[in-house]
Each structure stands twice: as C-alpha cells, then as structure tokens.
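Colleague: Listed below, chain by chain, are the residues.
2 protein chains.
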Amino acid sequence: MATARKLFAQNGFYGTPTAKIAKDAGVSNGILFHYFPTKDHLIKAMYFDVKDRIFDYSLSQVYKGATLKESIYTLWLAAVEWYVENPEDFNFMLQFESSPYYSVETEVSHRHTQLTIELMEKGLEQGVFKNIQPFLLFQIMMKMVETTVQYLQLNSELQEDFAFRNGLFEVAWDAVKK
Amino acid sequence: MATARKLFAQNGFYGTPTAKIAKDAGVSNGILFHYFPTKDHLIKAMYFDVKDRIFDYSLSQVYKGATLKESIYTLWLAAVEWYVENPEDFNFMLQFESSPYYSVETEVSHRHTQLTIELMEKGLEQGVFKNIQPFLLFQIMMKMVETTVQYLQLNSELQEDFAFRNGLFEVAWDAVKK
DNA sequence: TTTAAGATCGACTAATCAGTCTGTAATTAG
DNA sequence: CTAATTACAGACTGATTAGTCGATCTTAAA
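Protein chains in written order, with our numbering: chain A, 1 to 178; chain B, 1 to 178.
Honestly, the hints are just simulated from the structure, not real lab data. Hints are supplied without guarantee of correctness; some may be wrong.
No copy labels: a pair is met if it fits in one copy or bridges any two.
[What the hints assert, rightly or not] Calculated pairs, DSS-like style, for lysine-lysine (alpha carbon to alpha carbon, straight line, at most 27 Å):
{"#": "1", "residue 1": "Lys-23", "residue 2": "Lys-6"}
{"#": "2", "residue 1": "Lys-20", "residue 2": "Lys-39"}
{"#": "3", "residue 1": "Lys-143", "residue 2": "Lys-44"}
{"#": "4", "residue 1": "Lys-122", "residue 2": "Lys-69"}
{"#": "5", "residue 1": "Lys-64", "residue 2": "Lys-130"}
{"#": "6", "residue 1": "Lys-39", "residue 2": "Lys-177"}
{"#": "7", "residue 1": "Lys-178", "residue 2": "Lys-20"}
{"#": "8", "residue 1": "Lys-143", "residue 2": "Lys-130"}
{"#": "9", "residue 1": "Lys-177", "residue 2": "Lys-23"}
{"#": "10", "residue 1": "Lys-39", "residue 2": "Lys-69"}
{"#": "11", "residue 1": "Lys-143", "residue 2": "Lys-6"}
{"#": "12", "residue 1": "Lys-20", "residue 2": "Lys-69"}
{"#": "13", "residue 1": "Lys-177", "residue 2": "Lys-130"}
{"#": "14", "residue 1": "Lys-69", "residue 2": "Lys-44"}
{"#": "15", "residue 1": "Lys-69", "residue 2": "Lys-51"}
{"#": "16", "residue 1": "Lys-130", "residue 2": "Lys-6"}
{"#": "17", "residue 1": "Lys-20", "residue 2": "Lys-177"}
{"#": "18", "residue 1": "Lys-178", "residue 2": "Lys-44"}
{"#": "19", "residue 1": "Lys-130", "residue 2": "Lys-178"}
{"#": "20", "residue 1": "Lys-6", "residue 2": "Lys-122"}
{"#": "21", "residue 1": "Lys-64", "residue 2": "Lys-177"}
{"#": "22", "residue 1": "Lys-20", "residue 2": "Lys-64"}
{"#": "23", "residue 1": "Lys-143", "residue 2": "Lys-23"}
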C-alpha cells in the first residue's frame, strides 16, 4: 500500500499499472492479487488505511478536559499536520474523493468522521455554531484543511509558520461560528 | 465536448474510451483525433471551455455600481447556480482539479480567476478581508462553492431554497472577512 | 469547371494492462 | 512426521484502447 500510495501520487490511479506496484514493492504480480482480489479492492483498502492512520494520530493529540474549540482545533490541526508530513496520503485522498469510489456512506462510516460530527453536534447544542446540519459543518472544516494543505504545498516556506496555520484555523472557525 | 462531459461524469477520464466518445457523439473515431490530437488535448480544451462558459454567465449577472460584497456575492452565487444547473461541468472540474492535468498556472491564467482575484485585492485594500494572500482568499471562496454544490447535489430538495444558499454565502464571507 | 483544402469515415494496430493459472516454497496444525 | 493451508512467484492471456492511415466526400475559391 505504501508503494501504491507513492505511485498513485505520481501517476494517478489509472496511470499506475498493478504490475508496477508489485514490481516496485519487490513482490510478484501474483501475490498482489492474492491479497487484493482487484485493483479496486486495493484502492478501497488504502482509503481506510489512510483514514485509520490519521484517526490514530489525531486521537493521540487531543487531551481530556479540552474545551470544544480546543478539541476541534486539535483535530483540525492534526489533519493539516498529518497531510503536510505525508503528502502521498493527501494526494491519495484528493484523488479518491473525486473518484467514482467515493461515497458519503463510506465517509460517514469511518470513526474519524463520526467523532468530528459528534463534536459539531455538541457545538450546535451549545449554540456556538451557525444553524447548519452537522455533516455540512464537518465538510466545511475539512475543506479548509484541504485548502490549507494545498496552499502549504505550494508555499513550502510557510510550512513551519505556526501563526499562518493558526490564522487559517481561525478562518475556518469564523466560517462556522455563529 | 458535451458528450465527453457526460461520459467523463459517469465513468471518469480513464473509464471513458475515446472510441465511445466519438460513437456517442455520432462522429467517427478519425474526426475526433482530427480536432483533438490526443485525449489530453481534449481534456485540457474542455477545461477552458467550462471556465469560459462559467465566466460568461457570471459576467452577465454582475451589474455596474454594485458594492464589493455584492459583486463577490453575485460571482459566488453565479458559480453555484451554474454548477447546480450543469452537474457534468461540476463533476468534470472536480476530476480535473485533482488530476495531473491541473496546475495553479492554468488556473490563474484564466480571466475568471483573474477577475475574482482582483476583487479580493480590492477587498484587502478596503480592509474588509483578513490579511491573507488574494489567491488564497480566492481559493477559500471557491472551496465554499464546491462544498455548497456538493451538498446541494446530495440534498436536491434544497436546490430551490434561496435562504440556504444565502446562508452558505455568509459562511464563506464570514470566513474571509476581518 | 477545376482544384485544393479541409472534413469525415472506419478499419486497423501496437501496446498496455488487469487478472489468471500453474507450480513451488514456507508455515502451521494434528 | 504428515497434511493441509497459506504465501509467493512469474509467465501468460484476452480484452481494451489511444492513436494511425488511406480513402472518400464537401466546400469554397479561382
């Protein structure tokens, strides 16, 4: 999957032959299809793999007793940092989410999405957010992650600029807050 | 190009053989490659075509003497409406922008982008926006268009809901305003 | 009317690629 | 130790597909 991520980032899903994935990964063609019956299975498995790893990282960052805004900030920043550190993951998700593989159901089915949506619901209860469906609030925040990472990729000198990141979180926060 | 848009929306760039594009368009294989030397040429041409049509529509909506916020609102809403009315255009752009074809240079080279960025610069001068590079302001607004359209596609009963659209523009505006 | 340039056709090809198949090693279970 | 299951290899194939090529038709200018 790591090899596939690298190759997909470079040449896209369709620009990457399964044979090349196997070869670059140092395994045979046969063994690839032994573990992933089709290329589509591989791609879907990779999606959940990325989500899982981001989720684990994010959870390791939030601490108990954090306020709502702090929790959301931590999750938001964790996602940005993860994607900045792991550009292939970012590129993969971008491609995946605008491909026929993606559906809202798969998205919502993941713990990471569910956790974030719960935070949004809490915010709605507390009256800090605009009156918008929680899933949409979630998507607005996530799109800002996307925008931020994309911009940081283009302007790598900003990647260590903490104030810049914080500023963009405030942009996202201002968007959703009442 | 219209046929290709439809097919690309259904099956993606790579899932759509050139032969099928020609056949569905009612022309021969040969004539397709007569006008577009490669599939890539076709795809790039389609990108500029979509951008052009959106630009024309957007300009027809803005009126002289509008305030800055009104102008931006009109452009923003025009983009949303266009994409809601022309889902294949939207789907095509989504795919294009997360494909190897896309680059910031092509994006910035288009009049539509340039016009919007100019408005952002004006807003910065007037001190109404957060102190953020104009291109990034532009991208934040555009991502909100994306989010809005995607949500409207999933919840088609909201497509006639004017208040909903306006609400989401305010979300975008709150994000960038100081 | 002639001629040239562009438009259109559709059969063809060379290459590519997802997935198969057959056989062999390694590991685990009884 | 044996049997069965799982891991692995790599050659092979059938289908697909981007792009070519030579022929024919249409249009417009001279």
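Colleague: Each hint needs a verdict: does it hold in this structure or not?
Modeller: Against the structure, the hints:
1. Lys-23 <-> Lys-6: Within. Shortest intra-copy distance 13 Å satisfies the 27 Å Cα cut-off; inter-copy 36 Å does not.
2. Lys-20 <-> Lys-39: both (12 Å within a copy, 23 Å between copies)
3. Lys-143 <-> Lys-44: Both ways: Lys-143 and Lys-44 sit 21 Å apart in one copy and 25 Å across, limit 27 Å.
4. Lys-122 <-> Lys-69: within (11 Å within a copy, 32 Å between copies)
5. Lys-64 <-> Lys-130: within (25 Å within a copy, 32 Å between copies)
6. Lys-39 <-> Lys-177: neither (42 Å within a copy, 45 Å between copies)
7. Lys-178 <-> Lys-20: So Lys-178 and Lys-20 fail the 27 Å test inside a copy (51 Å) and across (50 Å) alike.
8. Lys-143 <-> Lys-130: both (17 Å within a copy, 18 Å between copies)
9. Lys-177 <-> Lys-23: neither (50 Å within a copy, 51 Å between copies)
10. Lys-39 <-> Lys-69: neither (40 Å within a copy, 48 Å between copies)
11. Lys-143 <-> Lys-6: both (23 Å within a copy, 26 Å between copies)
12. Lys-20 <-> Lys-69: Result: close neither inside a copy nor across copies, 45 Å intra and 51 Å inter.
13. Lys-177 <-> Lys-130: Intra 6 Å, inter 16 Å, cutoff 27 Å: intra and inter.
14. Lys-69 <-> Lys-44: neither (32 Å within a copy, 42 Å between copies)
15. Lys-69 <-> Lys-51: within (22 Å within a copy, 38 Å between copies)
16. Lys-130 <-> Lys-6: neither (39 Å within a copy, 36 Å between copies)
17. Lys-20 <-> Lys-177: Answer is neither; intra-copy 47 Å and inter-copy 48 Å both fail.
18. Lys-178 <-> Lys-44: Intra 37 Å, inter 41 Å, cutoff 27 Å: neither.
19. Lys-130 <-> Lys-178: This pair counts as both: shortest intra-copy Cα distance 4 Å, inter-copy 18 Å.
20. Lys-6 <-> Lys-122: Intra 38 Å, inter 41 Å, cutoff 27 Å: neither.
21. Lys-64 <-> Lys-177: within (23 Å within a copy, 33 Å between copies)
22. Lys-20 <-> Lys-64: Classified as neither; 45 Å inside a copy, 57 Å across copies.
23. Lys-143 <-> Lys-23: Neither, since 35 Å and 38 Å both go past 27 Å.
Hints 6, 7, 9, 10, 12, 14, 16, 17, 18, 20, 22, 23 from the earlier list are contradicted by this structure; the remaining hints agree with it.
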